[in-house]
Amino acid sequence: MKLIVAYIQPEKLNAVKQSLYDKDIFKISVTNALGCGQQKGYHESYRGVDIEVNLLKKVRIEIAVNDDFVQPTIDAIVSGARSGKIGDGKIFVMALDDCIRIRTGETGNAAIG
Amino acid sequence: MSGSVGRFCMLAAGVLLAGAGAACAQEDGGGVSAEMFTINNLWMMVATFLVFVMHLGFATVETGLTRAKNTVNILFKNTAIVAIGLLTYTLVGFNLMYPGEVGTDWNGFLGFAGFGVGTDAAGLTSAYNVGYTYWTDFLFQGMFAATAATIVSGAVAERVKLGPFLIFSTIYVALVYPAVGSWKWGGGWLAERGFHDFAGSTLVHSVGGWAALAGVLLLGPRFGKYLNGKIRPIMGHNMPLLTIGVFLLWLGWFGFNGGSVLSADPGAVSYVLTTTSLAAAAGIIGSMIVSWIVQKKPDLTMVLNGCLAGLVGITAGADLVGIRVAILIGMICGGVAVLSVMLFDKLRIDDPVGATTVHLVCGVLGTLFVGVFAHGATHAATGGELGYTISIGTQLLGIASYAAVCFPAALLIFGVLKATVGIRVHEDEEIKGLDIGEHGMEAYGGFQIFISQ
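Just so you know, the sequences run in chain order G and F.
Residues 255 to 367, numbered by this note's numbering, are exactly what the first sequence covers, in order.
Residues 945 to 1397, numbered by this note's numbering, are exactly what the second sequence covers, in order.
Since the hints were made in silico from the structure, they are not lab data.
Since the model is a prediction, treat every value here as computed from it, not as a measurement.
Do not rely on the hints blindly, as some may be mistaken.
Claimed, not checked - Output of the computed footprint for chain F on chain G, the stretches with three or more beta carbons under 8 angstroms from beta carbons of chain F:
1. 256 to 270
2. 291 to 300
As the list claims (entries may be wrong) - If the Cβ cut is set under 7 angstroms, some of the chain F residues that face chain G in the computed set are:
3. V1360
4. I1375
5. G1381
6. M1385
7. Q1392
8. F1394
9. S1396
Using N, Cα and C, we set each Cβ at its ideal position, and we do this for glycine too.
Only chain F is shown next, with the shape it has when bound in the complex (with noise of 0.2 angstroms):
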């Protein structure tokens, strides 16, 4: 770190910030110069940005994989939740995720420091963290809250119906995706174990895939989807804004993985984009190989996943495997994510989008894979100290203990609304499409569309 301080330094004073170079000689108490707190802090900013954006690529894919007549349905349960995960974090889970430390505020598995967020003037100086102030580090993960989320709209789409949705979202993201949050993030049991998830394929992805995978088996498949023993396809209407969705999706992911260094650390930052970028490539080629030799035909919906899938698998260790290693991780996963999509088809769950392979599959397999490949390392790939030693039963475990909360946690939720309000539409409503039973409202006026499915 204090190599690249140095760095920093001499850009600031010579390019940034012409004159100010006797500033770098001085400190605030955190430990680095006010110029570097604030470069580390412009960074976590984008970084916030860029996560942010990842709202629009779920929005997107999720609208092109359906169908015209649920458009409405979709942007606007993706719109919502943006808003249900940013609110419910300040209310109550920023305070669930990070109570403090472990031993005098809480024990490691439940702990939870005050409703609402706050903070004093020390919070906006790099004595509360040498990369971020209180203020960035909270829309920082308040915008990762809402993505898990997220992860759940796709795959209970065209038939869920949307309050009883909205009320599931909130419970979840507001006290199940903070909660076991804090096991790694902040800084509980798991942390003390060594269990290691860099930018979240458990924390983020597999929790909002579990969720996704319990919704789905209760609502059960979309009208129409297996008739007769067979499978029937339901096409998505838009390739166009499925591909704009996967490329603001990587967009984010260099805010998702880059910002989860917590700092603008140059050699870090740049190692974990690459690591990330690598990946995503890696999972289209291996998508697109397994796609060709499977489907005879390469399937742009499967390749698209596969980019996606590269990226949820790098995000575990996307600080700690090498540069090959990092291509064999996306290219598994993308291969892997054309399979899995097929089998759950033929599982008879589900899934418009792909969520629960893309999220649920290769967030686990992401985990697992920094234990298989870097079992025993003790440094970050660019020279930090973990702290811990990796290990592949810890990762194991972690993997077990996020399924072992958050699928029967989501069973639980969607299963009372299930028996008490209903969670899907009457089949009337959704041959006729969710925008006109739910919102008495068409996404394309003007436009002819043609619905015989």
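Only chain G is shown next, with the shape it has when bound in the complex (with noise of 0.2 angstroms):
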């Protein structure tokens, strides 16, 4: 089982929702999210004082898997997510040591499925 998380620009959701979507996978979280990477901030001014962003507006995912879905899903994160351009973002893979539906109790992979 592993947790995928990912960060990726807010335009592209409706894209990546998409391609996962495509792959037969239905379950994932999002949250708004303020980062920075290497894209450059940009700058703002209020009332005649400039004002340097550069925590960027992005999108957290995170979806739950069994090992034969990672590839699948990393796959349709990058398909839906890549324009190319510092800013796409990025996806971190990390173990996770169990899941439990609430509902019935389910543990493990049966509870992710």
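Could you use the hints to bring the two separately framed chains together as a complex?
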């Protein structure tokens, strides 16, 4: 079991959801995120004073998958989120100790699927 | 009119100006007493305030129906347009729209009485007009001019470049709106033929609507609106602001239509306010019924558009049609508004706020309904003589004439701007939002906004 966390450009969310859906990956959590990486920030100004904004708006996706779904999930996220420009984001893959479905009490692989 | 003057004199003598009753007998040359003139002028100034408030209504409606990331841009455009509208109206608009007497000063198509505004002492008395002074006349009409330009703003929102848009608005409101307005309200050729447009379903709303359509066609849809042959909804971010705006517009319409009586005539003004309100109410019910049937659940944005549709629809004939017809017009316009918004979407004409539906489609319908429901009428509903006979043919001629000039003129101005400086922001800027791209500023500091469209 793995936990896949990806940070992507907000406007790519719909494309990523679609490509995940195409690979039968339906379970996904999404949160609003701010972050900075290689992509430079931009300038705002408020009442004549310059502001350097370097925390950019991103979207964080979390998906818990069984091992055989790890690569398809990664492929789907990459195909949906890649534009080739700096700022497309990153994917992190982590080991996942356990998973429990609250409604049924199922654990492990059965709870994820 | 004479009966109402008498009543107002008693009121003025007994309540407003106790002890000044004798003044009622005195007239200052314009055919009304000084008190009546003051009351007329006061109502016209109140109407001016109400039309002014409509700009806040337009601003909040457009803000509510668009995304949070474009809010500063929308508010900025609406602020700038009020200024542009009023100042250009001062410089050229007023004298283009009201060039003088046909046959002596101008030909009925295009006339110009000179740059700037100003009047002699007679302009401050009822010798100018029994209903208002020169300055009230100017300011009331100036507020109208600015509304015509504001209509375009919502339709082209979320993708139009700020600078070119402001250039467009300046040219359109300075030259096109007053020039075509003179055909009817300036006593021009359509007025001579008996075209009836009481408060501007055609003169204001369709003039703005044709420009909105031209702008949308040349701009193209917002990024992501039509994808893989499907329509993707782009949701507005603030329904309370939208609702506030619609109620402000309804309030403003009391001045827009009520002021178009051009005096405080008690019968005519109260009647016009009644037809106006009933059409708005019927617009809500009409759109509610259609929305509930077609969309399965009643859509607040459609119903609020339907309210405005009813208001635009009754504007041409608010003084003329009967109470039942006013309700019918409101209901039809409200119902049509829902279908029209969906049809424009099907045609890939992306108008974020439904301005083409509300102002163009319902402006045209309202003008046409005057001919349909009041064909042959020679008097207003409260008895005032029109001086001409209403006919469907003339109403159609009026609608077509405005279309024939306004749409090509707007296409030309937007087209030239598109070919030279460009009218659309870069796709990256559109994605990030025009607030950052055009203004380097966000509307909701301290809030986290989820932007995935």
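Does the interface hint hold: is V1360 (chain F) within less than 7 angstroms of chain G, judged Cβ to Cβ? violated (31 angstroms)
Taking the closest Cβ pair, is G1381 (chain F) under 7 angstroms from chain G? violated (9 angstroms)
Can S1396 (chain F) be said to touch chain G, with a Cβ gap under 7 angstroms? holds (4 angstroms)
Have a go at the Q1392 (chain F) hint: is there a Cβ in chain G nearer than 7 angstroms to its own Cβ? holds (6 angstroms)
Next item in the hint list is I1375 (chain F). Is there a CB on chain G closer than 7 angstroms to its CB? Holds, because the Cβ-Cβ distance from I1375 (chain F) to chain G comes to roughly 5 angstroms (cut-off 7 angstroms).
Given that the segment 291 to 300 of chain G was listed as covered by chain F, double-check it with a C-beta distance under 8 angstroms for 3 or more residues. Holds, because 5 residues of the segment 291 to 300 of chain G bring their Cβ atoms closer than 8 angstroms to Cβ atoms of chain F.
For the segment 256 to 270 of chain G, does the count of residues with a C-beta closer than 8 angstroms to a C-beta of chain F reach 3? Three-residue rule met by the segment 256 to 270 of chain G, so holds; n is 4.
Identify whether the interface hint at M1385 (chain F) stands, where standing means a beta carbon of chain G within less than 7 angstroms of its own. holds (6 angstroms)
Interface hint for F1394 (chain F), Cβ within 7 angstroms of any Cβ on chain G: Since chain G brings a Cβ to about 5 angstroms from F1394 (chain F), closer than 7 angstroms, the hint holds.
In this structure, the earlier hints numbered 3 and 5 are contradicted, and the remaining ones agree with it.
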